[in-house]
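Q: Listed in order, the protein sequences are those of chains A, B and C. Taking numbering that gives the first Met the number 0, I'd label the letters of the first sequence as residues 0 to 283. Taking numbering that gives the first Met the number 0, I'd label the letters of the second sequence as residues 0 to 282. Taking numbering that gives the first Met the number 0, I'd label the letters of the third sequence as residues 0 to 299.
Hints in this document: simulated from the structure, not taken from any laboratory. Careful, some of the hints might be misleading.
Claimed, not checked - Listed next, the stretches of chain C that the computed footprint assigns to chain A, with coverage defined by at least 3 CB atoms under 8 Å from CB atoms of chain A: (1) 97-108; (2) 206-212; (3) 216-222; (4) 234-241.
To be verified - From chain B, some residues computed to sit far from chain A (all C-beta separations above 12 Å): (5) Ala43; (6) Pro52; (7) Phe68; (8) Met90; (9) Leu117.
Glycine residues also receive a C-beta, built at the ideal position from the N, C-alpha and C atoms.
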Amino acid sequence: MSASSNDLLSVTDLVIEYHGASVVRAVDGVSLSIAPGEVLALVGESGCGKSSLARAVVGMEKPRSGSVSYRGQAVPLLGVRRRPTAFTSIQMVFQDPNSSLNPRIRVGAQITEGIRAALARGEAGSKPEEWLERVGLPTAMVSRYAHELSGGQRQRVAIARALAARPDLLVADEPISALDASSQASVADMMRRLALDAGAGLLFISHDLAIVRLIADRTVVMYRGQIVESGVSERIWEDPAHPYTRALLSAIPAPDGRGILPAAPAAEAPAEWRSALPAALDRV
Amino acid sequence: MTRRWLRIPSAWVTPLGVIGAVIAAFWIVVAFTAQFWVPFDPLAQVLPRLQAPGIDTIMGTDALGRDIFSRLMTGAGVTIPLALMLVVMSMVVGTLIGAIAGYFGKWVDEVLMRLTDLVMAFPTVILAMVVAAALGPSLFNAVIAAFVVSWPQYARMTRSIVLGLRTQNYVMAGRLLGFSPFKTLRVDVAPNVVGPILVLASLDVGTAILLLSGLSFLGLGAQPPTAEWGSMISAAMANFDSWWIGVFPGLAILTVVMAFNFVGDSLRDIFDPTSQMSKARAR
Amino acid sequence: MTDVLNTMVPDAEATAPAVLSVQGLTVGIGPRKAPKPIVTGISLDLVPGRIHGLAGESGSGKTVSSLAILGLLPANATVGGSITLFDADSNGAGPGGTELIGMRRRALNRIRGRRIAMIFQDPSSSLHPQLTVGSQLTDHVRTHLKLGREAARDRAIELLTRVRVPNPVEALGRYPHQFSGGQRQRIAIAIALACDPVVLLADEPTTALDVTVQAGILHLLRDLADERQLAVLLVTHDLGVMSAIADEVSVMRHGVIVETGPREQIFGAPQHAYTRELLESLPSAQGADTPSAIQKEAGR
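Next up, chain A with everything else stripped away, as it sits in the complex (with noise of 0.2 Å):
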């Protein structure tokens, strides 16, 4: 994807290693973009370096090489200090609602920050009760405790307190994966939703195809830490190139009562996966 001077965020050739017994890449040479109010999913299996980028993003990942820049400027890593004022407009919502939210402190306190965040930005004030009525929770919610709430609404109030930042660029790394089936179709749609709403781009990061081909514009679909294919969702969903994009596609058991299995791959990881298929990037 080629970087323009107006996208929001641009990734180019990220490279991010962790050293342990063995230096493992979990992100290898990755470039993307996000343009303002645009929703860009990023999906794949575990571990094929999608929240390793998504960390890379907002500054808690620190990248072997290659850059990750927001309106034109390098996003510091987060490191002991005080995050510069300017990049608190890039938020993130995080995957396990358990422990996205402060055990001590009422939801609405929580909010707040979010509030003082956009101020200190000199951003518009607002209060904690809009942003719960903007995520479908009650107001009275404000003087709660994260634990007297359901994974759900916690994750509810995690957006919330993100969105009160009023941020241009909100990353979501799985924030749906530990919602009851139920929920997660409407809180992804909701998170589309109150991200243009905003103006604001979102990255969202999922394993969950049906989610994603509901509430994105692009799709980058990445394969042990490379992208192997991207672009329009819906043409990705439709007529996908990569064969990996096709195993995951046809893997996919379709919810319609049928009693069809779904496509199984003949192996774990065949090698025509890991092809690298200049055809499949940047499908419009």
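For chain A, the structure is supplied; the task is to place chains B and C on it using the hints.
A: Relative to the frame of chain A, chains B and C by itself:
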């Protein structure tokens, strides 16, 4: 907020915890009021020597004709406040150092943790002897010697909790909202450290009393004629057949140390995230 | 296997005799005087060769129900109702079957793992991390089936081959962490199958797996149910998975089954409002006319 999660539902408190709290409270009250109501001046050598417990002197008198009961009660006021002071000092300094090491990590952590390792390697009694030799033996110097070796346990515990919290999503979320390091420590870290540290501290009060009495027993702490439990037991060694001189201070140390340990144990049950009670609270 | 089971054809209708029958099962957790009700009366029949799906959201009681069948509930649980195993192989089975509720621990242990086996969401939790796959498989076989060392090893290889673990002979000497998540689940299935159970309880067996790996496990479960005449209880929240392999589906909510029926009926003509609600919440049900899709079109 703090009051809310510190509340202790009645069904959870173990009987031993209640007994411990009552005894500990009794001794603390005694420590601060004994000087006003004891029957005799603890230092006055006015009574018959080595008198067995009786009606006038319920715990008998020592070899210098001083009332043991009066000395015992005022002795509480010597050891317990100093032990509490020692624990509070160790807690504050240790927690601060541990929080800094855990939060800032890298070389800061490395330097501070090696320092705690170094300090922990000192044998307490030998260190107290060194301090006594350098500054002269006194109970306050014994407290300084004990302090030097007792803060590292707080530092280590705080550091490990902070290290675990550092990667919690809500801590990261706060940092992404632009929290300063101080605000992160105050808002997201400190409330989670308070519980375990209080448990450690309450268990440590008993240890501190034993340590200070022990140093006084060895002559490295309180000096004669101060009425201090350790030195009272030490004095009893010279009059072995007058059992009351040593037994009552010994019982005093025993009850106060056990009381604080019971309190600490039940606090631990309350704060332990794996215990039934905390689960009920988290729900 | 009994003669009755062998004569059963894979496409036996739901009217075939059940091998395990749950009637009015209730589970409460907490103090005996005032237990908190988790399951408040569910009934279902498991039939050889059929996969019975138990759907529901977290907290609906579906996992507790499956654990109750194995008698694996915590000590403070109170269980009521009846769970009957109709299996000629288990001791003391009369024509009326064996009642599992209230059974003594030793007797239950003979049934558990041998006649009724279970696989879990996280295969790592049912595999011992410090024992080789081979020793876990052969120990199990030797304890329950009283096989010799060589016979047990042959059986282990046969099982690993059946669940399609690559290089079964070599796999025997490896440890669980050396396998991928999908392979670990296959190994857990092999261990579950080791004693030829008649009932397999599968609690979210594919939830932790990637979708391509999940597809393979679903194929395996379907094949095993067919060829071994296994009666499978599949607990899952994933209606896609349910639709792919369940023959009958029960939908649970707040500790009760709100609707039971053949798969086609549950998905095609759901009777209960809650079932409809679940189906409508699926992303695939929110087609081109969802607000976001319209917005997306407009924005393009």
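Q: Against this structure, judge whether each hint is valid.
A: Right, here's what the structure says about each hint:
With 0 residues carrying a beta carbon less than 8 Å from a beta carbon of chain A, the stretch 97-108 of chain C misses the three-residue requirement, and the given coverage is violated. Judged by the Cβ-Cβ criterion of 8 Å, the stretch 206-212 of chain C is covered by chain A as claimed, because 4 of its residues qualify and three suffice. With a threshold of 8 Å between beta carbons, the proposed coverage of the stretch 216-222 of chain C by chain A holds, since 3 of its residues qualify and at least three are required. Using a Cβ-Cβ cut-off of 8 Å, 6 residues of the stretch 234-241 of chain C lie near chain A, which meets the minimum of three, so the contact claim holds.
No beta-carbon of chain A is positioned within 12 Å of the beta-carbon of alanine 43 (chain B); the least distance is around 54 Å. Distance check on proline 52 (chain B): its Cβ is at least 52 Å (rounded) from any Cβ of chain A, clearing the 12 Å threshold; non-interface status holds. The beta carbon of phenylalanine 68 (chain B) is kept farther than 12 Å from every beta carbon of chain A, the shortest such distance being approximately 47 Å. For methionine 90 (chain B), the condition that its CB be more than 12 Å from all CB atoms of chain A holds, with the nearest at approximately 20 Å.
Consistency note on leucine 117 (chain B): stated as away from chain A, and its beta-carbon is indeed over 12 Å from all of that chain's, at 24 Å minimum.
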